[in-house]
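Engineer: Top to bottom, those sequences are chains A and B.
Using the working numbering, the first residue of the first sequence is number 155, and each one after it goes up by one.
Using the working numbering, the first residue of the second sequence is number 155, and each one after it goes up by one.
By construction, these hints were calculated from the structure, which means they are not laboratory data.
Among the hints, erroneous ones may be present.
You can't tell identical chains apart in this list, so a pair holds if it fits in one copy or across any two.
Said to hold, decoys possible - Computed cross-link-like contacts, DSSO-like style, restricted to lysine-lysine with a CA-CA straight-line distance of at most 27 Å:
| no. | residue 1 | residue 2 |
| --- | --- | --- |
| 1 | Lys200 | Lys166 |
| 2 | Lys197 | Lys173 |
| 3 | Lys234 | Lys166 |
There are 2 protein chains.
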Amino acid sequence: MLVIMVYDVEVKRVAKVLKTGRKYLYWVQNSVLEGNINEGSFKKLKAELSRIIDHEYDSIIFYTFRTSKYSEREIMGIEKGGESQFL
Amino acid sequence: MLVIMVYDVEVKRVAKVLKTGRKYLYWVQNSVLEGNINEGSFKKLKAELSRIIDHEYDSIIFYTFRTSKYSEREIMGIEKGGESQFL
Numbered sequence: 155m156l157v158i159m160v161y162d163v164e165v166k167r168v169a170k171v172l173k174t175g176r177k178y179l180y181w182v183q184n185s186v187l188e189g190n191i192n193e194g195s196f197k198k199l200k201a202e203l204s205r206i207i208d209h210e211y212d213s214i215i216f217y218t219f220r221t222s223k224y225s226e227r228e229i230m231g232i233e234k235g236g237e238s239q240f241l
Numbered sequence: 155m156l157v158i159m160v161y162d163v164e165v166k167r168v169a170k171v172l173k174t175g176r177k178y179l180y181w182v183q184n185s186v187l188e189g190n191i192n193e194g195s196f197k198k199l200k201a202e203l204s205r206i207i208d209h210e211y212d213s214i215i216f217y218t219f220r221t222s223k224y225s226e227r228e229i230m231g232i233e234k235g236g237e238s239q240f241l
């Protein structure tokens, strides 16, 4: 499955959240990671992040797509990250 | 079409980018907007943003989906924005 993860967390937790996200996904831009991972890895990712963030303050959104067949990704300006999962 | 827009732009251009994005999409989180718009509005949005950003420095990614049938959206922590386009 394709996963797009965007986080909005307190500065002091950014490094940990980013490091954990990068174990499973690729960094594409400030606060955004994406990747093709299986359901098991997605669950592990969420479990790890859940222990890091402050649930009363931080926010992480996961967009998941069973298929990338109906999706497109377009960049305006520079491409900051790498390893796009989109064709 | 469902559009997810994530921006990573120089601080001095954030307000303009956000204001323009909000004309067409809903703010959901720091640097992230989403919405269901038609192709014409999407083109207008891109044209407006194109005049605002520094193409050598800033980056805006648009994920577009012809259908949200195969997608899900999950939030961990707090929900910051509103008006989700996901069921």
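Engineer: Please flag the earlier hints that this structure goes against, numbers listed from lowest up.
Structural biologist: The structure conflicts with no hint, since it agrees with every one listed earlier.
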